[in-house]
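There are 2 protein chains.
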Amino acid sequence: MQTSIATVCLSGTLEEKLRAAARAGFDGVEIFEQDLVVSPDSPEAIAKLAADLGISLDLYQPFRDLEGVDEAQFQKNLKRAETKFQLMARLGIDTILLCSNVGTATIADDGVVVEQLRRLGDLADRHRVNIAYEALAWGRFVSEYDHAWDLVKAADHPRIGTCLDSFHILSRNTDLGRIAEIPGDKIFFLQLADAPALTMDVLSWSRHHRVFPGEGAWDLSDFLTRIAATGYAGPVSLEVFNDSFRQGDTDRTAVDGLRSLRWLEASIADASAAPAESAAQGPGLDLQPLPKVEEPRGINYVELSTDDLGALTRQMHQLGFQFIGYHRSKPHVQLWLRGKARIIVSEVTEEAGTTSAPVNGTFLRGIGFEVADSKSAMERAALLHAEEVPRDQTHNDEVLRGVFAPDGSEVFFHQFNETTPAWIKEFGHDHDEQISHIDHVNLAQPSNHYDEAVLFYTSLLALHAQSSQDVPSPSGLVRSQVMSSTDGSVRMPLNVSPQPNAEAVAGRGISSEAESYPEHVAVACEDIFHAAATALSRGLDFLPVPQNYYEDLDSRFDLDPEFLQRLQAHHVLYDRDEHGEFLHFYTSTIGSVFFEMIERRGDYFGFGAPDAPVRLAAQHRKNAHVNAQQSV
Amino acid sequence: MQTSIATVCLSGTLEEKLRAAARAGFDGVEIFEQDLVVSPDSPEAIAKLAADLGISLDLYQPFRDLEGVDEAQFQKNLKRAETKFQLMARLGIDTILLCSNVGTATIADDGVVVEQLRRLGDLADRHRVNIAYEALAWGRFVSEYDHAWDLVKAADHPRIGTCLDSFHILSRNTDLGRIAEIPGDKIFFLQLADAPALTMDVLSWSRHHRVFPGEGAWDLSDFLTRIAATGYAGPVSLEVFNDSFRQGDTDRTAVDGLRSLRWLEASIADASAAPAESAAQGPGLDLQPLPKVEEPRGINYVELSTDDLGALTRQMHQLGFQFIGYHRSKPHVQLWLRGKARIIVSEVTEEAGTTSAPVNGTFLRGIGFEVADSKSAMERAALLHAEEVPRDQTHNDEVLRGVFAPDGSEVFFHQFNETTPAWIKEFGHDHDEQISHIDHVNLAQPSNHYDEAVLFYTSLLALHAQSSQDVPSPSGLVRSQVMSSTDGSVRMPLNVSPQPNAEAVAGRGISSEAESYPEHVAVACEDIFHAAATALSRGLDFLPVPQNYYEDLDSRFDLDPEFLQRLQAHHVLYDRDEHGEFLHFYTSTIGSVFFEMIERRGDYFGFGAPDAPVRLAAQHRKNAHVNAQQSV
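Taken in sequence, the protein lines are chains E and W.
Number 220 in the UniProt record's numbering belongs to position 220 of the first sequence; there are no gaps in the numbering.
Number 582 in the UniProt record's numbering belongs to position 582 of the second sequence; there are no gaps in the numbering.
Be careful, since some hints might not be right.
Because identical chains cannot be distinguished in the list, a pair is counted as satisfied if it fits within a single copy or across any two copies.
Lysine to any residue pairs mimicking SDA-like chemistry, simulated, CA-CA at most 20 Å apart [stated by the list, open to error]:
id, residue 1, residue 2
1, K48, R19
2, K76, F557
3, K76, R576
4, K84, D558
5, K292, A217
Please keep in mind that the hints were generated in silico from the structure rather than gathered at the bench.
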């Protein structure tokens, strides 16, 4: 599949955008006019740069407000078009996007539009360029793709085709049935964007909230499958206007975009043994599959990095974790177990530093996921442009391979096995005792790239995005997006803090700023009161829960006084829904990590959302207190 | 007028919120339940804190989903209500907000709701609390204020009244006529919020985008006038859910909020000689006026602070400014004139530092506005809680007084006078030569407080907010909000950069980060080509304009080739609309300031918006170039 991206998706100068698109691995780009207008590079220089980078210039866009106007205006518009055709020749671009008239159309007569398209086609033919006519969702008289197609069909000109843009079509909820009527060779261009399900005016939605396929609410597999069935063989191009992408890191956004296309392509390639595609004319999209991935079966381990081994291991002991041993070939790496909840603790010392960047503090370094086929998962990840974690492997150790997630944490793929994982033996241990496991891991996300994480976990690990929530904290709303497997064996709430600390988190060298939005590991146990009692007896520094919380709880749930008293005595928070109950407590934070101990009763599937503001407020107070003490 | 604010408007802990509300000068607060639930302070401690701070606790809120349910559910709801009434007694709050049922209502029968309200009233009476029933805009069966009032009227219970919230009423565009039917003493509470004109689902609009009165699109003067006419004598309270306020500085948001109420109060007090209010029963709102202010007549001067006097004054000379002299009593302060465009240049040296904070670089320090009554303007500003600029006054100098704007720049009020301003004589100068003036000043705004600036300039200087625009730059969208006087004699585009640099700008100690979003002074001249030729001959470092821009210009406007050539030769950018033409050029940036020289032809009223991306891209490239050189 030939991939392309509109330069407007990316931040930076035109040159920076082209270089980033090429580095990411796109086959081509669409040149967004304004990017060229503000560039100091001549069209010839841009064409040369693209050629040197090995990417094609697939489209010049947009050309606006041409058709449905009176003759005098149309003459002016033709003249304006001609200057663009000349410019395109200098760029070496043969197709231009023509958007349906939004601003100047006065004649709501298809006959006039058809005639004007045809005359534009004649002019275009003299310049050997093609016109891809697109219905903007807010076009004045032409706003539906099938209307645009009817006009193109009636114009019946070899230089006039249509451009299909998933945003303009799906945002209007138009019936997709008529796509099948369009011959693939009359689709002159294809633009893809996904979008979150928002209820707002379509122009603002389009200009600010588009995302890459897989990051929104739409079924782009179905959309692209329909296009593929027409025999369309041109570029599949991303056109995404997104406020965050526009200010994010250029290379990173480009990789995110290409990943979305590779994932989408593979999802269709998997289904393309179906007869629909074989019926199509021409070469078609040439869809490449990826090694398949199934949903992970669980979290095998979490790795924490620390320069405060004493505090961290004391807390783990208080929570009932058992020290198992040191890694046989890595003397600074310990294993702690609580049943199937496995925590690897890497002590960061001057000598032990295996990474090039200096990292300090206590932070979540990585997660091991149990997958059906770890080799295939890693191959797939690499083909989805994830960056591999450099890892020292000692002879005889199990070969673990992993990639970096968008938040800088390491994702490792473990072969799922009903028995104790093989690597555990490297710590001299081979059996579990307590009934306990890692229920979920809560990760802080960089602020300008939060959609990237959704696609990352969707495409690499087949996790599903749940609906996102805003959680109030004393310093603003925290956006929380849960990614989970269907059966809940893997759950990860991804949190975007209101205070941007993107760089701090992305590098996993957590700054003090990020400490107010710590990450955590939630460990499921069989008996929360027993776990809390043990922790109390071992002197755990619980995160304090206000008396007001328990009074409100009583008002909300009308609890048995003895039970309420028991909750409070154990610092345990409580939630309930129609499926079950959720009991949990939090530890204080070390570095940027804390623990949550939880007990799920019945089929409660959530995370105690009403309790999250209580936690955030307590952490805010503690943080303010620490800062005040430090400044004394 | 009794002022109040809901704690949910502010960031921080409940204690921080109460302290900030008291410091700002509010009479009371509404306690938002969640703020109490997450607080470690008991209700009694909160009541005592409020008493110590001298503020009242006016409302407990919200109570949800009570009415329109079956009897079994209603019994549970009454029990839940009773726990809140008991809590209110501990807080010393006598009124609770009851929101119309959103979640659990199943009975769309006004008779049932009336009966349930009455029974709630009986329970409330036993606890001596009042119920303020409010129609949420998205209520299931009750969503209009007049419907809620009909229900309250039918319940006919002394403990049951209504709460009017401007958001829920104005967002639905409901006819306001029936407000006049409600006796003031049956309005148990009044909440105000303004909002920008957005087309989106009302719940998201309400939860994320409310702003303080004067910062949005609604006519709250009319709304409050209607309330005043009912004889309502209770608190006028702000309930504003705003993502930025929730993460902004608590004290600052509180002051912003109180300013909005003072401004609104005065705007109504001015009109209250009208017979409408005198007809009302009871004490009413007791509206206090403010010293009046008229729109400013012009920008008297701009003051720049610099530690690079050579570069700055060289650039001003290149632009045709003339050095006039030093201030007679401030040897580090120079005056430069170009006709009526007056720039005061304060050199920052080790010795000269008159401010306590160390400031470096070249930055815009302040603006002098010409007003009809400078004394009255200053008094009004102080009553609107603007912070006065400490200023050394030497005996015999004109007494200049000013305040800090939200972005940290200084706003000075000058008595308007047709002749040369008095203070000019302090520099030994008394006449102007060139025909030139300051056309506009473009200021960078802190990111979490952009709405504050709109209210600041509206309330202190009677400027008007124009519609805001998003300007694409290589590092994201810049939100641009123009504040201007009706005749355009004062125009200020306020720009919020996509990269948050709030603190840097607010303190006017501009960091290197802020330099990519510099501020500028635009100077109007009679002949842009003459000005550009002079500047060229004097070696001005123009901001470069790409060749591509001129080619696009030609395509857009079909310009005379000679004119186009002339534009390009002089680095002049061009825009045109149906009213006139706009010709302008930019200088390079010194510190965080650059200049724009402009010529307006005809009645062109804008700022060359299509050219702004060209400028931002050129500045981005220059900045990247400088950074690259520095890191070599």
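We went through each hint and held it up to the structure:
1. When the C-alpha separation of K48 and R19 is checked against a cutoff of 20 Å, the pair qualifies only within one copy, where the shortest distance is 12 Å, while the shortest distance between copies is 63 Å.
2. For the identical chains of this complex, K76 and F557 are inter-copy neighbours only, at 10 Å across copies versus 71 Å inside a copy, given an alpha-carbon limit of 20 Å.
3. Proximity of K76 and R576 under a CA criterion of 20 Å is satisfied inter-copy only: 16 Å between copies versus 67 Å inside one chain copy.
4. When the C-alpha separation of K84 and D558 is checked against a cutoff of 20 Å, the pair qualifies only between copies, where the shortest distance is 13 Å, while the shortest distance within a copy is 71 Å.
5. Taking the shortest Cα distances, K292 and A217 never come within 20 Å of each other, neither inside one copy (22 Å) nor across copies (52 Å).
When the structure is compared with the earlier hints, a violation turns up for hint 5 alone.
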